[in-house]
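S.K.: This is what each chain is made of:
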Amino acid sequence: MVPLTWYLILAAFVFSCGLFAALGRRNAIAVLMGIELMLNAANINLIAFWRYGAAPAQNLDGQIFALFVIAVAAAEVAVGLALVISVYRNRRTVNLDDLDLLKG
Amino acid sequence: MPELPFPLPTVQQVIFSMVAALTVFGALVVVLAPNLFHSALGLVAAFFGVASVYIIAEAEFIGVSQVLIYVGAISTLITFAIMLTRGMMFGATSPRNRQWGTAAIITSLTFLVLVAIVSSVPWPAVGEPISQGHEIIAGLGRAFVNEYVIPFLLLAMLLLVALAGAIVLARDYK
Amino acid sequence: MNWSDALIQLQYDLGAPQELSWLVEGVTYFIGAFILANAALILALLLIWITRKVISRIQDRIGPNRVGPYGLFQTVADALKLLSKEDITPASADKISYLLAPVLSVVGVLMALAVIPFGPALIGADLNVAVLYLVALGSLGIMAALMAGWGSNNKYALLAGFRVVAQLLSYEIPMVLAMLAPVLLVGSMSMQRISEAQALYLGPINLGIGWLIFLLPGAFLIYLIAALAEAEQTPFDLLEAESELIAGFHIEYSGMKFAMFFLAQFLNSFFLGAIAVVLFLGGWQGPFAAQIPLLGPIYFLAKTFLVYVVIQWIKGTFPRVRIDQMMQFAWKVLVPLALALITAQMIIMKLPLPIWLNYLLLLAANLAVVVAVLNILGSYFEREQVRSKRAFAPRSLIGTMQPVQSSSGD
Numbered sequence: 001m002v003p004l005t006w007y008l009i010l011a012a013f014v015f016s017c018g019l020f021a022a023l024g025r026r027n028a029i030a031v032l033m034g035i036e037l038m039l040n041a042a043n044i045n046l047i048a049f050w051r052y053g054a055a056p057a058q059n060l061d062g063q064i065f066a067l068f069v070i071a072v073a074a075a076e077v078a079v080g081l082a083l084v085i086s087v088y089r090n091r092r093t094v095n096l097d098d099l100d101l102l103k104g
Numbered sequence: 001m002p003e004l005p006f007p008l009p010t011v012q013q014v015i016f017s018m019v020a021a022l023t024v025f026g027a028l029v030v031v032l033a034p035n036l037f038h039s040a041l042g043l044v045a046a047f048f049g050v051a052s053v054y055i056i057a058e059a060e061f062i063g064v065s066q067v068l069i070y071v072g073a074i075s076t077l078i079t080f081a082i083m084l085t086r087g088m089m090f091g092a093t094s095p096r097n098r099q100w101g102t103a104a105i106i107t108s109l110t111f112l113v114l115v116a117i118v119s120s121v122p123w124p125a126v127g128e129p130i131s132q133g134h135e136i137i138a139g140l141g142r143a144f145v146n147e148y149v150i151p152f153l154l155l156a157m158l159l160l161v162a163l164a165g166a167i168v169l170a171r172d173y174k
Numbered sequence: 001m002n003w004s005d006a007l008i009q010l011q012y013d014l015g016a017p018q019e020l021s022w023l024v025e026g027v028t029y030f031i032g033a034f035i036l037a038n039a040a041l042i043l044a045l046l047l048i049w050i051t052r053k054v055i056s057r058i059q060d061r062i063g064p065n066r067v068g069p070y071g072l073f074q075t076v077a078d079a080l081k082l083l084s085k086e087d088i089t090p091a092s093a094d095k096i097s098y099l100l101a102p103v104l105s106v107v108g109v110l111m112a113l114a115v116i117p118f119g120p121a122l123i124g125a126d127l128n129v130a131v132l133y134l135v136a137l138g139s140l141g142i143m144a145a146l147m148a149g150w151g152s153n154n155k156y157a158l159l160a161g162f163r164v165v166a167q168l169l170s171y172e173i174p175m176v177l178a179m180l181a182p183v184l185l186v187g188s189m190s191m192q193r194i195s196e197a198q199a200l201y202l203g204p205i206n207l208g209i210g211w212l213i214f215l216l217p218g219a220f221l222i223y224l225i226a227a228l229a230e231a232e233q234t235p236f237d238l239l240e241a242e243s244e245l246i247a248g249f250h251i252e253y254s255g256m257k258f259a260m261f262f263l264a265q266f267l268n269s270f271f272l273g274a275i276a277v278v279l280f281l282g283g284w285q286g287p288f289a290a291q292i293p294l295l296g297p298i299y300f301l302a303k304t305f306l307v308y309v310v311i312q313w314i315k316g317t318f319p320r321v322r323i324d325q326m327m328q329f330a331w332k333v334l335v336p337l338a339l340a341l342i343t344a345q346m347i348i349m350k351l352p353l354p355i356w357l358n359y360l361l362l363l364a365a366n367l368a369v370v371v372a373v374l375n376i377l378g379s380y381f382e383r384e385q386v387r388s389k390r391a392f393a394p395r396s397l398i399g400t401m402q403p404v405q406s407s408s409g410d
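Residue numbers (the numbering used here), protein chains in the order written: chain A, 1 to 104; chain Y, 1 to 174; chain S, 1 to 410.
Hint data in this document are derived by calculation from the structure and do not stem from the laboratory.
Some hints could be false.
[To be verified] Pairwise CB distance ranges (calculated):
#1 A:R92 - Y:G141: 46 to 56 Å
#2 Y:L163 - S:R387: 46 to 56 Å
#3 Y:P124 - S:A340: 43 to 53 Å
#4 Y:V161 - S:A340: 16 to 26 Å
#5 Y:P7 - S:G255: 43 to 53 Å
#6 Y:L160 - S:L207: 25 to 35 Å
Computed from a prediction, not measured in an experiment: that's the story for all the values here.
We put the CB at the ideal spot given by N, CA and C, even for glycine.
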């Protein structure tokens with residue numbers, strides 16, 4: 001079998017990529033993509049710990065949490081993209097640097 | 001057969017490495033591609049890789065749901081949003097913002113710390129075998145209507161509210 | 001015995017070493033996948049021939065009859081023609097997505113073969129989540145359409161891509177809900193278990209005609225309509241619509257790349273028919289299929305070809321719908337009806353009644369859905385007929401066809 005460490009390192013890498021996209025990209029949609037990557041990384045960990053935990057066939061909490069995360073991610077991305085589109089319609093830009101209306 | 005200095009990887013490990021490589025490649029494309037549409041394609045590749053990881057971990061239901069929801073719904077939504085805001089895509093601006101350097105440092109530090117923590121713990125290398133995959137799906141279904149029924153209903157309400165909210169937000173008032 | 005076990009045993013008998021079991025298994029599955037994929041490609045030739053013949057007969061023509069017996073090799077000639085055509089990549093195309101899209105569309109369709117049970121022991125992989133897997137594969141087709149539309153760098157292709165995505169996503173929902181009905185009844189998402197559950201035992205003898213369509217005609221009807229839209233067949237072939245639009249999201253594709261989209265479309269409608277056969281028409285079940293294993297694949301293929309011919313029949317007889325009619329029909333008719341049907345089924349199956357009464361109630365609910373769908377379709381057609389009659393009535397031509405009468409006033 002694949003050692004648990006491999007899953008965790010993969011998840012760490014995906015999480016870091018997502019974090020970088022969320023912090024370092026200029027476009028709002030790219031930031032949303034980064035958030036999706038981070039959620040996926042969390043899901044990899046949930047599934048991996050479910051698989052290597054005690055009695056995986058009976059104790060399904062990991063899978064259930066992963067499903068909740070997937071569903072919440074779907075809701076989050078729908079609202080996020082609707083916000084992006086509505087901002088684009090008003091300001092003709094989705095560059096996060098240019099969205100500084102609230103700056104004093 | 002001569003002795004190898006390291007144990008030969010099993011078939012599962014080889015497949016996992018290939019899938020992990022796909023995921024890593026996809027994630028890197030998401031982060032680094034200047035063209036946002038290529039980022040979205042990289043995201044799809046990463047989602048596929050992650051789905052395959054779930055299937056290797058014998059969570060077939062989650063893996064297939066991942067393809068269905070992430071590739072079928074979320075990626076499509078993101079691609080749509082990219083195309084609807086495409087005026088932005090071909091601008092002369094760089095895809096990275098001003099705090100790009102700081103972000104790179106923070107991110108690589110996070111990754112290094114995570115790897116250091118993960119590899120310092122003696123995790124189990126072998127999980128308990130799962131004989132009846134069929135039972136797991138039935139168990140998931142039972143859990144959703146027994147122990148987790150209230151979170152499940154809340155989730156349904158969240159999805160409904162998010163759907164209505166997204167329509168209200170994105171609607172073009174004339 | 002399963003086909004893969006038999007093949008593995010054969011390799012050991014031929015002298016394969018026991019310690020290389022992973023290699024033996026790999027070779028076995030490679031052989032299986034190779035045969036299936038290539039059989040599908042040859043099948044596509046046959047499917048295109050059937051389509052042309054059926055449509056020709058409906059239109060009172062003979063159809064292809066020059067190349068080979070009954071024109072069977074006409075498609076081979078066409079494929080050779082397409083191969084010899086110039087392979088154009090538009091200069092401003094997004095190379096990656098432009099080149100990847102045709103491959104992805106074919107792969108997404110071919111992967112469905114893995115879980116289709118052709119016979120009692122003839123299935124690529126008996127997944128526990130096979131039905132969900134088939135639904136998930138549809139998302140590959142959506143991605144392929146989006147990539148082709150975007151990658152071509154052509155605004156018509158992009159608009160057609162949007163259209164296809166809207167169509168596929170909207171009709172996916174009633175299709176999934178309709179597929180849920182047999183899954184709920186059988187209690188499994190494995191295609192093989194659903195096939196096995198459709199036996200009908202008369203004492204110890206398996207008659208093999210306990211098909212779920214007799215119990216769930218409403219779900220079958222909804223599935224069939226949604227599958228027509230998923231397969232992009234007439235009346236829902238808006239992405240092609242040669243007479244009113246240009247080719248759709250594959251407008252910029254030529255030669256073999258275009259042929260791949262074409263192939264994917266034909267195979268897709270065949271496989272959607274195959275899924276209908278497994279879920280509703282008994283799969284490989286039929287009289288004496290349990291006694292004579294060879295009959296299983298024959299029954300399965302016969303039923304699937306029958307469904308395919310019905311799809312072509314619909315293609316030959318129905319007019320194309322408008323996009324607003326199509327979306328309205330999905331969201332205002334099919335989705336609520338499918339939801340109501342599934343809810344009713346869940347409640348009925350839990351009622352503390354004798355099992356035959358449960359089934360009777362279920363049948364009644366399904367028949368109600370069938371009547372509702374047919375009624376709504378009928379009234380749609382009627383309204384459309386009145387409209388088109390009015391549009392083509394002679395008096396509406398006054399003023400357009402005839403010279404304008406000059407009034408005496410000015």
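S.K.: Taking the numbered hints from earlier one at a time, note which ones the structure violates and give those numbers from smallest to largest.
M.R.: 2 and 6
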